[in-house]
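Please arrange chain B on chain A, whose structure you already have, making use of the hints.
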Amino acid sequence: MARHGMVIDLDKCTGCRACMEACKVENNTPQAIFWMYVFRFEEGEFPDTRISFMPRPCMHCDNAPCAKVCPTGARYKRDDGLVATDVDKCIGCRYCAAACPYGVNYFNWKDPKANHYLDWSAPENAKALAPATGGAVPPYKNPDLEGRYGKEQRKIAGGGHRQGVIEKCTFCVQRVEKGLKPACVVTCPVFALQFGDLDDSASPVSALLRKKRSFRLREDFGTEPRVHYVGKARASAGARQIERAGRTA
Amino acid sequence: MNGDGSFVRVDGKEQVWDPVAGTAQPAGAKGVDPALEGDFTVGCARVKTAFQLFKEHVARSTPEWAAQICGVPAEAIRRIGLDLGRNAMIGSTITLDGVTLPYRPVSVMAYHMAQQEQGFQAIRAMIMTFMLVGAVEAVGGVRIDFTWKIHGNHDKFETLKIKDPPYNLYLADSKFFPINSNNSGVVAKVMQNPSKYGVDFTPEVLIVHMANPLGSFASQQDFLDSYKKFKFVAVIDPWLSETADYFADVILPAATIEKYEGPINAADQYVSATTLRVPPMKPLFFKLVEFKQSRSSFIPLLAELAPEQRLEINPKTAKAKGVKDGDMVWVESHNALTGETRKVKVRARLSEGIRPDTVGMPHHYGLWTHPEAKAQGPTPNILFFTGEGYVTNTADQSFQVKVRVSKA
Numbered sequence: 001m002a003r004h005g006m007v008i009d010l011d012k013c014t015g016c017r018a019c020m021e022a023c024k025v026e027n028n029t030p031q032a033i034f035w036m037y038v039f040r041f042e043e044g045e046f047p048d049t050r051i052s053f054m055p056r057p058c059m060h061c062d063n064a065p066c067a068k069v070c071p072t073g074a075r076y077k078r079d080d081g082l083v084a085t086d087v088d089k090c091i092g093c094r095y096c097a098a099a100c101p102y103g104v105n106y107f108n109w110k111d112p113k114a115n116h117y118l119d120w121s122a123p124e125n126a127k128a129l130a131p132a133t134g135g136a137v138p139p140y141k142n143p144d145l146e147g148r149y150g151k152e153q154r155k156i157a158g159g160g161h162r163q164g165v166i167e168k169c170t171f172c173v174q175r176v177e178k179g180l181k182p183a184c185v186v187t188c189p190v191f192a193l194q195f196g197d198l199d200d201s202a203s204p205v206s207a208l209l210r211k212k213r214s215f216r217l218r219e220d221f222g223t224e225p226r227v228h229y230v231g232k233a234r235a236s237a238g239a240r241q242i243e244r245a246g247r248t249a
Numbered sequence: 001m002n003g004d005g006s007f008v009r010v011d012g013k014e015q016v017w018d019p020v021a022g023t024a025q026p027a028g029a030k031g032v033d034p035a036l037e038g039d040f041t042v043g044c045a046r047v048k049t050a051f052q053l054f055k056e057h058v059a060r061s062t063p064e065w066a067a068q069i070c071g072v073p074a075e076a077i078r079r080i081g082l083d084l085g086r087n088a089m090i091g092s093t094i095t096l097d098g099v100t101l102p103y104r105p106v107s108v109m110a111y112h113m114a115q116q117e118q119g120f121q122a123i124r125a126m127i128m129t130f131m132l133v134g135a136v137e138a139v140g141g142v143r144i145d146f147t148w149k150i151h152g153n154h155d156k157f158e159t160l161k162i163k164d165p166p167y168n169l170y171l172a173d174s175k176f177f178p179i180n181s182n183n184s185g186v187v188a189k190v191m192q193n194p195s196k197y198g199v200d201f202t203p204e205v206l207i208v209h210m211a212n213p214l215g216s217f218a219s220q221q222d223f224l225d226s227y228k229k230f231k232f233v234a235v236i237d238p239w240l241s242e243t244a245d246y247f248a249d250v251i252l253p254a255a256t257i258e259k260y261e262g263p264i265n266a267a268d269q270y271v272s273a274t275t276l277r278v279p280p281m282k283p284l285f286f287k288l289v290e291f292k293q294s295r296s297s298f299i300p301l302l303a304e305l306a307p308e309q310r311l312e313i314n315p316k317t318a319k320a321k322g323v324k325d326g327d328m329v330w331v332e333s334h335n336a337l338t339g340e341t342r343k344v345k346v347r348a349r350l351s352e353g354i355r356p357d358t359v360g361m362p363h364h365y366g367l368w369t370h371p372e373a374k375a376q377g378p379t380p381n382i383l384f385f386t387g388e389g390y391v392t393n394t395a396d397q398s399f400q401v402k403v404r405v406s407k408a
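Just so you know, the sequences run in chain order A and B.
Here my numbering is used: position 33 in the first sequence is 33, and no number is missing along the way.
Here my numbering is used: position 363 in the second sequence is 363, and no number is missing along the way.
There could be a bad hint or two in this list.
Subject to a maximum C-alpha distance of 25 Å in a straight line, what follows is the list of computed DSS-like cross-link-like pairs (lysine-lysine) [as the list claims (entries may be wrong)]:
1. A:Lys110 x A:Lys151
2. A:Lys68 x A:Lys155
3. B:Lys324 x A:Lys127
4. B:Lys407 x A:Lys113
5. B:Lys407 x B:Lys374
6. A:Lys211 x A:Lys232
7. A:Lys110 x B:Lys374
8. A:Lys89 x A:Lys12
9. B:Lys343 x B:Lys324
No lab work stands behind these hints: they were computed from the structure.
Chain A on its own, in the form it takes in the complex (with noise of 0.2 Å):
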């Protein structure tokens, strides 16, 4: 079986957060959650400044903390790399959160529908856009978040956004599963993020890992995180964070 792994080079991003919207898009995440969060960093005193950026999307680690300290087992580690989150199961806890160092767990503190990106229950946007839509209720949703994925046929991908559950990066199960990469991947104008099977060493992730030196996110913690960094424009410990997404910045 596939064992699926990201390669992200960070000599090819350039900050432009496409793989960002591409998520939103593809996984109708509410407002303020962002499975995948590009970093821009700064650092130096002018006139020798220097930026760079940082891609993080779920780290789908090998040895994940985040599904050891799940109470229900509703975070578990599929077969084929993907740690995935069955939203039927969740029960709130936020454990998942707090023993993950990368930060990429995200709760839903209010209704998702209210928390998106226009309340279209709201009486006055409802009448609004009632000529437009014939009576459908925005926001689109894809359809494909609400199937049932993986041998264990179990709700995993992003439909279940929904108030006192906590959601992530899925690796986009719902496109994986069809062949297909994840949308952050495939929308990267600059091909700065490759996916693919890390047990094969004819994939193209393989490829570049062989090409290029890479490290990964606190590789001293023994996560063994399935999202590998190559290339050197990477910031430095005394880096500081500009530009931060989000309404509450």
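Chain B only, in chain A's frame:
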């Protein structure tokens, strides 16, 4: 080239130096591989190749000299120059559809640069750099995607026509050169005081098509003051613009490009439309996603990435003013001619990426008609001035102005 910079011509034809024959030959003569550098004697005159003259001209402009002016370290200028030169792959070719073409995969984005005070000169320097590596109109290189035409304001002085008043609203052929343009800011300026500019009428009707002068151009105050004078304003737009909100008597719907079925030309603002006239397809995100001017700040997905206007300020400058990252500040501009001041309140964002003597505000904000665009902060167009003292070479609007920053 002669010593005075003019071409050496024989019978009206420009000459090149043939190093094999040791003589000057007409440019383009068959079998001649012209000398790139050197100085030679033609007739009794000492002449040089154009490249030689250019090389001598730019020899003074060292990275160290430029670093003094622009603040970019000399070593960084060298590194970028070498990067550009290497990546240009001078001499390389590419075969496309069976045609072999020069391949120079280096380019630069210069949109709006001409609308700075020294913008024309900056663009010229930029194009010359790309000419040196052969990247102008080469595959992968800089595109000048229209038939090159010198802007009227850069035509030879002796061809300028200066007529007596009355003038039209654009001040065409007027003594107010170079404040003569059909750009909206000049019209707004002239309309406020037509007699001052030798204009003997005030227009009564305005039709705005797919534009939002009140939000997009400088200065906002000039548009507020002048457009009030129109007796009738019609706005044709795909959405409710700020200009329509303030002034329109009639609003007519416009189709966006993917819905437009009619004949298309540049005057419709649908330039290059043929490339887009394909059936609607899955969304593609292929460019910098944040904003296109202020035309997308009401799109919630994009607005979340860059939610608010900011004043980018160097930390040293901010510290001297007691300003911390995230503080609200006043930014106040001053018109050196009239003494008028204008100010906006905006959030400061500290960045080492900006010069200590400069602050920056992006152009994407300041709309109010769309609920998603409200409260994103002000447009810098409030701060700018239009007209005398504040024009650029190619437009009526200067996108920079001297300001004072203080903690709000």
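Each hint tested on the structure:
In summary, the hint linking Lys110 of chain A to Lys151 of chain A is not supported, as the alpha carbons are separated by about 32 Å, beyond the 25 Å threshold. Using a Cα cut-off of 25 Å, the hinted pair Lys68 of chain A and Lys155 of chain A holds, with the two alpha carbons roughly 19 Å apart. For the proposed pair Lys324 of chain B and Lys127 of chain A, the alpha carbon gap of about 44 Å is over 25 Å, so the pair is violated. Distance restraint check for Lys407 of chain B and Lys113 of chain A: the Cα-Cα separation of roughly 39 Å exceeds the 25 Å cut-off, and the hinted pair is therefore not satisfied.
The straight-line distance between the Cα atoms of Lys407 of chain B and Lys374 of chain B is roughly 23 Å, inside the 25 Å bound, and the hint therefore holds. Distance restraint check for Lys211 of chain A and Lys232 of chain A: the Cα-Cα separation of roughly 13 Å lies within the 25 Å cut-off, and the hinted pair is therefore satisfied. Among the hinted pairs, Lys110 of chain A with Lys374 of chain B is consistent with the structure: their alpha-carbon atoms are about 23 Å apart, no more than 25 Å. Restraint check for Lys89 of chain A and Lys12 of chain A: not satisfied, since their Cα atoms lie roughly 39 Å apart, outside the 25 Å limit.
Taking the CA atoms of Lys343 of chain B and Lys324 of chain B, the gap is near 20 Å; set against the 25 Å cutoff, the hint holds.
In terms of the numbered hints stated before, the structure departs from hints 1, 3, 4, 8, listed from lowest to highest.
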